[in-house]
Amino acid sequence: MSDFNKDFGEYKKDLDKASKDENINRALGRAVKSYRENTDAALAKYPHTLALAEEVRGIKDYSMENNKQLLDQAMKVIESNHGKAFYAEDREAAIRIANEIIGTGKVIVKGKSMLGEELKLREGLEEAGNEVWETDLGEFILQLKKDRPMHILSPAIHVPREQVAEIFSKFFNKEVPPDIAEEVAVVREFLREKYFTADVGISGANVVAADTGQIVIIENEGNVRLCTGAPPVHIAIVGIEKLVPTFLDAMKTAEVTWRYANYGAPGYVNIISGPSKTGDIEKVTTYGAHGPKEFYVIFVDNGRSKMMADKNYRQALHCLRCGGCMYECPVFQVTAGHFGRTYLSGIGSVWESFVDSVDAAAPMLYTCLRCGRCVERCPMKIEVPTMVGKLRSEVVSDDTE
Amino acid sequence: MPAKKKIPPVLEILRDNIVNKGNPLALNAKQNSSWVKDLELPAKGDILFYTGGEYQLLPYIDSLVKTMTIVDATSSAFSLLMGARKLVNMTGINAEKIYASALAKDKDRYFSINYKAASILRKLGYEICYDSTGELYSGALLHELGFWKELKGYAVKVSDAIRATGAKTIVCISPHSAEMFKQVYPEIVDFPQVEVKTFIEMVWEKRDLLPPVKYDSPVVIHDSCRMARDLGIFQQFRDVLDAVGVSYVEPYRCKEWTTCCGGPDKMLFPELSKIMGGRRVKELADTGAAKALISCPYCLSAIESGNKDNTILVDDFVEFIYRGYEN
Numbered sequence: 004m005s006d007f008n009k010d011f012g013e014y015k016k017d018l019d020k021a022s023k024d025e026n027i028n029r030a031l032g033r034a035v036k037s038y039r040e041n042t043d044a045a046l047a048k049y050p051h052t053l054a055l056a057e058e059v060r061g062i063k064d065y066s067m068e069n070n071k072q073l074l075d076q077a078m079k080v081i082e083s084n085h086g087k088a089f090y091a092e093d094r095e096a097a098i099r100i101a102n103e104i105i106g107t108g109k110v111i112v113k114g115k116s117m118l119g120e121e122l123k124l125r126e127g128l129e130e131a132g133n134e135v136w137e138t139d140l141g142e143f144i145l146q147l148k149k150d151r152p153m154h155i156l157s158p159a160i161h162v163p164r165e166q167v168a169e170i171f172s173k174f175f176n177k178e179v180p181p182d183i184a185e186e187v188a189v190v191r192e193f194l195r196e197k198y199f200t201a202d203v204g205i206s207g208a209n210v211v212a213a214d215t216g217q218i219v220i221i222e223n224e225g226n227v228r229l230c231t232g233a234p235p236v237h238i239a240i241v242g243i244e245k246l247v248p249t250f251l252d253a254m255k256t257a258e259v260t261w262r263y264a265n266y267g268a269p270g271y272v273n274i275i276s277g278p279s280k281t282g283d284i285e286k287v288t289t290y291g292a293h294g295p296k297e298f299y300v301i302f303v304d305n306g307r308s309k310m311m312a313d314k315n316y317r318q319a320l321h322c323l324r325c326g327g328c329m330y331e332c333p334v335f336q337v338t339a340g341h342f343g344r345t346y347l348s349g350i351g352s353v354w355e356s357f358v359d360s361v362d363a364a365a366p367m368l369y370t371c372l373r374c375g376r377c378v379e380r381c382p383m384k385i386e387v388p389t390m391v392g393k394l395r396s397e398v399v400s401d402d403t404e
Numbered sequence: 086m087p088a089k090k091k092i093p094p095v096l097e098i099l100r101d102n103i104v105n106k107g108n109p110l111a112l113n114a115k116q117n118s119s120w121v122k123d124l125e126l127p128a129k130g131d132i133l134f135y136t137g138g139e140y141q142l143l144p145y146i147d148s149l150v151k152t153m154t155i156v157d158a159t160s161s162a163f164s165l166l167m168g169a170r171k172l173v174n175m176t177g178i179n180a181e182k183i184y185a186s187a188l189a190k191d192k193d194r195y196f197s198i199n200y201k202a203a204s205i206l207r208k209l210g211y212e213i214c215y216d217s218t219g220e221l222y223s224g225a226l227l228h229e230l231g232f233w234k235e236l237k238g239y240a241v242k243v244s245d246a247i248r249a250t251g252a253k254t255i256v257c258i259s260p261h262s263a264e265m266f267k268q269v270y271p272e273i274v275d276f277p278q279v280e281v282k283t284f285i286e287m288v289w290e291k292r293d294l295l296p297p298v299k300y301d302s303p304v305v306i307h308d309s310c311r312m313a314r315d316l317g318i319f320q321q322f323r324d325v326l327d328a329v330g331v332s333y334v335e336p337y338r339c340k341e342w343t344t345c346c347g348g349p350d351k352m353l354f355p356e357l358s359k360i361m362g363g364r365r366v367k368e369l370a371d372t373g374a375a376k377a378l379i380s381c382p383y384c385l386s387a388i389e390s391g392n393k394d395n396t397i398l399v400d401d402f403v404e405f406i407y408r409g410y411e412n
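Chains A and B are the protein sequences, given in the same order. Residues in the first sequence are numbered from 4 upward in steps of one, following my numbering. Residues in the second sequence are numbered from 86 upward in steps of one, following my numbering.
Isolated chain A, as found in the complex (with noise of 0.2 Å):
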């Protein structure tokens, strides 16, 4: 049992800090600022969004009701595709499917996934004597930084060029200018090199159609693409909630997501089912053509399925991780992800709730304002405070009893 006293009082100083914090205030006033000017942009101009995010709360109800029958489909349907399907209880065995996939003393190109982060995959994966790069550039900044992720879409939200050009200079033993050109350009020669020597790239996914085995992967810097299609093997590490009935579904899923991550369209979009193949030569179909030979998905619950079962908690599995709602939280945009631990600001408490804790995350559900802005920003209209409340109920009731 944690003492909440003791772990309140510093999780406070932090929050208070970084509160006062030079550069995340000024970066945070940007981003809010960009984020809501662009979101109402992408919705004005495919006004069909807000009607298209109700109907994927539909698809998102049925598939938590039915996730298990879905998750049953979809490894079956990998398999066909002749990809191999896994599902992982928690993060110890989802580490040691991965590294028994892998194996030790190979290099590993990564691309961003918050379940990645959940399950501190890295770590796990450099303890078994691999060498892993992150290879979406505010990740790197991070891994360079032995820095945590401050914001679920733009990690290094905290970090301003200056930094990253000290950051850079050390790392790349050379002067790298405070210049954003220039700090994207020397870590793009950087990875260009580890992708084609990677023996492995990890990705996560932001939805999977059931039907067809399908994953999604949406992104901007093209790094996923690399990732997931030069090294001969492809990994990836997918929550069970992530999972919808069809591929149609999915992709209305994956509109309303990037939409409300504050784009009209996204850079990229990766749909894979199965490692590449070609039936050029007398139509006969050959595994392993110019991308992956080999293709994995790790389906990992974590605390999901408990969250699943418990009707209180459920729709918090609906989240897209736009993170939309973080822009609009008046402690995050004074905190960033201070006001968090994997998982971020209040929907993030109720998540840590389940991935951890509710005596880890009580110090976060206690600094949720419950106001409900994130509400009204919310795709999914997660009712994030009603959570908050009963979590709180949750933490006090030892106290009680």
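Derived by calculation from the structure, the hints in this document are not laboratory data. As the structure is a computational prediction, the values presented were derived from the model and not from experiment. Among these hints, one or two may not hold up.
Unchecked claim - List of simulated lysine to aspartate or glutamate pairs, EDC-like, C-alpha gap at most 20 Å: (1) B:K340 with A:D43; (2) B:K267 with A:E386; (3) A:K36 with B:E97; (4) B:K393 with A:D19; (5) A:K393 with B:E272; (6) B:K340 with A:E386; (7) A:K9 with B:E356; (8) A:K23 with B:E368; (9) B:K340 with A:E379; (10) B:K340 with A:E397; (11) A:K384 with B:E341; (12) A:K36 with B:E341; (13) A:K20 with B:E356; (14) A:K9 with B:E97; (15) A:K23 with B:E356; (16) A:K16 with B:E356; (17) A:K393 with B:D371; (18) B:K367 with A:D24; (19) A:K393 with B:E97; (20) B:K237 with A:E397; (21) A:K36 with B:E368; (22) A:K36 with B:E335.
Said to hold, decoys possible - Stretch-level coverage of chain A by chain B, calculated; a stretch enters the list once three of its residues show a Cβ under 8 Å from a Cβ in chain B: (23) 9-20; (24) 332-338; (25) 369-379.
As the list claims (entries may be wrong) - FRET-style restraints, in silico, Cβ to Cβ: (26) B:A375 with A:N69: 52 to 62 Å; (27) B:N105 with A:S308: 36 to 46 Å; (28) A:S308 with B:Q268: 38 to 48 Å; (29) B:K129 with A:R29: 55 to 65 Å; (30) A:E185 with B:E286: 54 to 64 Å.
Cβ coordinates follow ideal geometry from the N, Cα and C atoms, glycine included.
On the provided structure of chain A, position chain B as indicated by the hints.
Just chain B, lined up with the frame of chain A:
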């Protein structure tokens, strides 16, 4: 037997005060009802004016929060301060000093908001009653902080007290009380068959009878989260301003999209709360309006905390409308 979890003392003290004293800071009924003055409100009637003692808390909360910002909230000293009244005999701390530390002008102002609200309702022709001896706090903080089990028992006492007044309608001056009686109590207790209304709804219904308010420049409305998002009440304020001849401007975030004042974090994260209050003050001031109107006691307190540089003039909506009668 599971180990007892240590939670921040402020939570325990608020809980114990509400459950045992019917008020988060253990203020007694005599203190709470001192705002009535010459109004001579009957204890029973069809329309119950309900303050919940919420505006009455504000001068003390601010005083305590000022202390809390220099004392670590996890320290025993903090615990002593927050528990001053119940620990008075054990520690020798004079609880009255804590309560007396509230500024007289703050006390006068916040208490008078109840007086002005009751007066407005009377002048609009509502025959209101007020339970000056038995009124209990709504328990909104028990609900907010997760003490749901305690709330269930406490709600019975509150419901009985309301039932005893014979009221058919309750008029809540705070959106937090209205939310409790409208949305929470019916789910957890045998709540009397009464209509629950907010002060602004009652005024809105008779807005044509309001005297004009002489105020030449536009004001800006700060919508409270509870009022706007949970109760869906925001247009009524604008209609009432139209009725009294006062123009208004809208802040960047308003109505269902209103920005929280930071008030809910005031007890556990006072510094953070103050920063959020200051940011909301800036949003309000950025409209160019010289005066902001507030319609929730906790918003009023939080916005005042974030307005220490007097960036904008701050009135409770009640105070502003009452000006029409003072012209």
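Going through the hints against the structure:
Taking the CA atoms of K340 of chain B and D43 of chain A, the gap is near 17 Å; set against the 20 Å cutoff, the hint holds. About 18 Å separates the Cα atoms of K267 of chain B and E386 of chain A, which keeps this hinted pair within 20 Å; it holds. Taking the CA atoms of K36 of chain A and E97 of chain B, the gap is about 39 Å. The hint is violated against a cut of 20 Å. The suggested pairing of K393 of chain B with D19 of chain A holds, with an alpha-carbon distance near 19 Å, which does not exceed 20 Å.
As the CA atoms of K393 of chain A and E272 of chain B are separated by approximately 14 Å, the hinted pair is consistent with the 20 Å bound. A threshold of 20 Å between alpha carbons decides the hint, and for K340 of chain B with E386 of chain A the separation of about 18 Å falls inside it, so the pair holds. With a C-alpha separation of about 18 Å, the suggested pair K9 of chain A and E356 of chain B falls inside the 20 Å cut-off, and the hint holds. Taking the CA atoms of K23 of chain A and E368 of chain B, the gap is near 19 Å; set against the 20 Å cutoff, the hint holds.
A hinted pair counts as satisfied when its Cα atoms are at most 20 Å apart, and K340 of chain B with E379 of chain A qualifies at roughly 11 Å. With a C-alpha separation of about 32 Å, the suggested pair K340 of chain B and E397 of chain A falls outside the 20 Å cut-off, and the hint is violated. Of the supplied pair hints, the one linking K384 of chain A and E341 of chain B holds, its CA atoms being roughly 14 Å apart against a limit of 20 Å. Pair hint K36 of chain A plus E341 of chain B holds up; C-alpha atoms about 19 Å apart against a cutoff of 20 Å.
Restraint check for K20 of chain A and E356 of chain B: the C-alpha separation of about 10 Å stays at or below 20 Å, so the hint holds. At roughly 15 Å between alpha-carbon atoms, K9 of chain A and E97 of chain B fall within 20 Å of each other, so this suggested pair holds. For the suggested pair K23 of chain A and E356 of chain B, the alpha carbons sit about 10 Å apart, so the restraint of at most 20 Å is met. Distance hint between K16 of chain A and E356 of chain B is fulfilled; the C-alpha atoms sit about 10 Å from each other, no more than 20 Å.
Only pairs whose Cα atoms come within 20 Å are accepted, and K393 of chain A paired with D371 of chain B is rejected, the gap being roughly 37 Å. The straight-line distance between the Cα atoms of K367 of chain B and D24 of chain A is roughly 19 Å, inside the 20 Å bound, and the hint therefore holds. Proposed proximity of K393 of chain A and E97 of chain B is supported: the alpha carbons are some 18 Å apart, at most 20 Å. Between K237 of chain B and E397 of chain A the CA atoms are separated by roughly 15 Å; this keeps the pair inside 20 Å, and the hint holds.
Between the alpha carbons of K36 of chain A and E368 of chain B the distance comes to roughly 13 Å, so the proposed pair stays at or under 20 Å and holds. This hinted pair checks out: K36 of chain A and E335 of chain B have alpha carbons roughly 18 Å apart, not beyond 20 Å. Residues of the segment 9-20 of chain A lying with their CB closer than 8 Å to a CB of chain B number 6, which satisfies the three-residue condition for coverage. Using a Cβ-Cβ cut-off of 8 Å, 5 residues of the segment 332-338 of chain A lie near chain B, which meets the minimum of three, so the contact claim holds.
Residue count for the segment 369-379 of chain A with a Cβ under 8 Å from a Cβ of chain B: 9. That meets the three needed, and the coverage hint holds. The given range of 52 to 62 Å is respected by A375 of chain B and N69 of chain A, whose C-beta atoms sit roughly 58 Å from each other. For N105 of chain B and S308 of chain A, the hinted distance range of 36 to 46 Å is satisfied, since their beta carbons lie about 41 Å from each other. Between S308 of chain A and Q268 of chain B, the C-beta spacing of about 31 Å breaks the proposed range 38 to 48 Å.
Checked against the hint of 55 to 65 Å, the C-beta distance between K129 of chain B and R29 of chain A comes to roughly 59 Å, which is consistent with it. Checked against the hint of 54 to 64 Å, the C-beta distance between E185 of chain A and E286 of chain B comes to roughly 60 Å, which is consistent with it.
In summary, the numbered hints that this structure violates are 3, 10, 17, 28.
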